[in-house]
Each structure stands twice: as C-alpha cells, then as structure tokens.
Amino acid sequence: MADALTLSRPKAAQAGSVNILDVSKTFHVDDRTVHALDNVSLAIEPGEFISIVGPSGCGKSTLLRFLAGLDLPDSGRILVDGERIDRPSLKRGIVFQDHRLLPWFDVETNIAVSLHSVAGPEAEKRKRVQYLIDLVGLTGFEKALPHELSGGMSQRAAIARGLAPRPPLMLLDEPLGALDSLTRSHLQDELLAIWEREKSTVVMVTHDVEEAIYLSDRVVVMEPRPGRIASIFDITSERPRHRDDADFVAVRREITNLLAKR
Amino acid sequence: MSDVTFKTAGSIAAAPFERAAGKASSHPAAAFRLPRWAKLFLLGIVPPIALLALWSYAVHQEWLAEQILPDPRLVYETTLDLLVTGQLPAELLVSLGRVAAGLALGGGLGLFFGLGFGLFRTLDIYVAPTVRAICLVPSLGWLPFFMLVFGIGEGLKIVLIAKTCFLPLMVGAYEGIRNRPRKYDDVSRALEFSWFARVRLVVWPSILPSILTGVRQAMSRGWKVLILVEMISSAAGLGYLMMWGRKAFQLDVVFATMIVIGLVGWALDHALTRFQHRTTLWSFKAAV
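In order, the protein sequence lines correspond to chains F and V.
Oh and the first sequence: position 54 is 54 in UniProt numbering, straight run, nothing missing.
Oh and the second sequence: position 126 is 126 in UniProt numbering, straight run, nothing missing.
Don't read these hints as lab results, they were simulated from the structure.
Relax, there's no trap hidden among the hints.
Calculated Cβ distances over 12 Å to all of chain V for the following chain F residues:
no., residue
1, ALA15
2, GLU124
3, GLU174
4, GLU190
5, ARG228
6, SER231
Quick list of in silico lysine-lysine cross-link-like pairs, DSS-like style, CA-CA up to 30 Å:
no., chain 1, residue 1, chain 2, residue 2
7, F, LYS143, F, LYS127
8, V, LYS224, V, LYS247
9, F, LYS199, F, LYS143
10, V, LYS183, F, LYS127
11, V, LYS285, V, LYS39
12, V, LYS183, V, LYS285
13, V, LYS285, F, LYS143
14, V, LYS183, F, LYS143
15, F, LYS199, F, LYS127
In this text, a Cβ means the ideal position worked out from N, Cα and C, and glycines have one as well.
Isolated chain F, as found in the complex:
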C-alpha cells in the first residue's frame, strides 16, 4: 500500500534521487546469451530530467523496467531515495510506449484506477483526477473510451495516469514514440510544463536525439552488445530551447556521430 494521497506538493528537494550501481542483466534466447546490461552505473539528482538514448538492444528499456521494479537485475543494486527497488511501487510512475490504458474503462476511470491502492478520501481523489484531466488537456473527454481517442490523446491520458499518485520519480518509455511529429513537439512542451509544475525526477527512454536534447538536463547515450553507457552529455542551455541554436546543433551532431559509429 502506498502512503496517503497528498494534494500538496511533496518536498521536492528530498525526493526522487536515483542511484544505479553496477547493474547487469543477461537474457538467454535459444541457447544464445545476450548481455542486455553490463555493469551500468548512474546517479540521478532529485528533480532532474534525464533522457536515455541508444540503438535498439542497448538495454535502455530493460533499465527502465528495473527502475520501475517490473523486472530485477541479475546483479547490482538500484536505490531510489536510498531504498533498494525490489518490486513496483506507486512512488515510481511509469508511462509505456503503447499507452496501455485499460480498453474497458473511460479516460476518467483509467486515471482513477492509479489511485485505487492509495489511501485517502474519495472526494480528494476525484479532485486529483479532474485536475490531471485538465492539466493534460483532456477536458470534455472524461467519458471517452480509449478506442475513441487519438494516439496523442491516449498518451496524454497515460501520462495523467502515471502522474496521479504524485510519484517523485516518473519513468517514460518512449512515451511519444508512436506519435506524428506535430503532436509530438506539442506534447514535448506539455511534458516540460508538467515536469516544472510537479517537480518530480523524470527518466525518459527515447530514440529521438532531438527530443532528448530539447527536454533533458542530461542525455545518457548507451551502446549495445553488451548494453552499457557510452557517454553522458550535460545540456546546460536555458529552456525553452530552440532546435536551431548553435549549441543545440553542436550537441546533436556529437550524439548522432557517437550513435552512427556503430
């Protein structure tokens, strides 16, 4: 059971720090051994926006599932706020690439189910759900079923579901990967606004280098076979950033070159 729901902002400075220590994972597929992750270590500050980019098979999604507690590493430890992860928790909200809204519930219920295991008065939960619906711009679609929504709207609902229990750490697994470029850049700005408002730590996996630079404080570049961190880029320029700024272009070229070498 999670702690009681608080509508007041959590003390942001203390919450959402991540320490990944020597994490390794090996998969066995048809007698072949795949080193998905090989001694990966990474420290993430509270309130940071971190993106992980890399070619498929570099273990970025595996790492995110570890952070969520959906899978466990073979060796190594992951600490969130000093606590070792051994199972999923509402303190770490996850948004999947395919929104994974429950197709039999409407938008409102889909967001409300994430507060099902949270203690607290119903009225306050309803208020929280309505606040989030307004926040992600789905006002008027409370009673719509997922199949009636566009891809972008579904993803907004999924983000609202992830945010509802006020997780100090948000995990985004290519949340905008399946969207067209217009919807995508629009949602990127919304994501930034939400992040600034909720003051949570965000770890986002993406394959879009530009998206990573546009949003993040740091961009982690990973490489495959075995999956490991190749390099970490600090993006220090002020937000909102522009994709044609000189330093933006320079960093993008550097990361793209790094990825192209393989």
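On the provided structure of chain F, position chain V as indicated by the hints.
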C-alpha cells in the same frame, strides 16, 4: 406474453438505427426520403415476405397436400387463436422457464470449470480431457440414461439443457483466460493492485466478452435442445404443443409453433447480442 415478445423483437430491430434516423431527418434534403431505420426495416422484412409469398404460391399451386402444407392464412388464424386462448403464452412461459433454469445451472457450472481449467494448469491437463469427452457425447445420447435416473419430469429437461449449456460457457471462460492480454499485468503491478483489485479491474473485464459469447451460444443451443426434449417427453411447453399438433394432424398448429420458436429464439439471441455490445463495446472496437 407472446404479444409482448413480438413487439420487443420489432423494437429491437429498429432501435440501433434510431440515432442515425434522428441525424438523417434533420437534414433538409432528407424530407422526401424515408428515414434510415425505415429503409433498413423494409429491407429486413423482404426475405420473410418473399418466403411467405413462396409459401402462399406453393399452397395455391397445390404442390403439397393441404393437410401437409397448410394455408398461411389458416396458420395466422390458428396462431391468433392460440394467443387469445392463452395456450401459446402459457406454453412459451413454461419453455422459457426451463431454458432459464438450465442455463443458470449448466452455464454456472461451465463458467466455474472453464475458469478453473484456465487458471490452473494441473486441472487443465488432468481433468479437462475427461470433462470435454463427456461433453462430446451429444445431449440426446445421454437421454436414455438421464430418463432412467431423473424420470421424465422437469428434472430431465433441466438437466439436459444444463448439459448443453455447460460446454459453450466452459469454452468461453477457458479461452477468455488463456487469450487474455497479458500486457495489462504490468499495469496492475505498477499500480500496486491487490489480488482482488487485479481480478475486478483487469482480469474480469478482459475475459467478459469471451464469456458473453459463451452465454449466447449456450442460450441458442439450449433453446434448440429444449424443443427436442419437450417433443420427446412433456405435457407442457412449445415442443409439446408442436407434438400435439402433429399427433392431431393439425399441421397449422405445428407451423404456428415453428414460427414462434424461431422468432422467440431469434429475439433472445438478438437481445443478448445487443446486451453484449452495450456492456463490452470496447472489445468490438479496440485492437487489444
């Protein structure tokens, strides 16, 4: 009772198109044209009317003896007669009661076993083949044995219908569990659902469409076997009425009963289909 049933059948056919009709009639150009539901209704009654015309023609041409193929007008009068005297509604009520009891008993057990086999691999491997083999012996194959055990009273009919309703629901529940989308399990884990919440919010809604399909199949098979068993041993019900008509060589009664059986069976299935659409609409639209 029967009157009501017929009315219901008609309104069910028209209902899905009411919304569309509202839209069409608000369009100025549609003033001359028939509303959409009326067009669909007219199209829908063409096949039955064609059949009726063929029947009348056959009677008129005396393709078959009058005692074997009665005049549609006679059948109509007989049906009206049976309705007015209250015999037809009474027999129908008896039949519907039997189907309801058989469906509740057999369907409930089928659901229970199907869920059990779907959830527990061991049960599926060791027990399911026996159960399936028993089910594959047709209901009428069990009749001689059941007659000796349960006599020829109400018990026999309900047990036989229950046996028929068992398999569709068992298969529906089983397939529902086996094919349910696993990707939502991650969601229930990430949201820290309790076991009970997981079943109520994630598992049950995902298998409900498959179960409702099972209910529909069970109902239509149960309805058919009911008529059969009522023909073999009964003193009431639609099957009995039909048998009585045959023995009295009143084919008009037989035809009247046939029509009622067909229409009521269709209405029941149609009502269940609409119910299924309403409760599990998402499963017809969403690619899970």
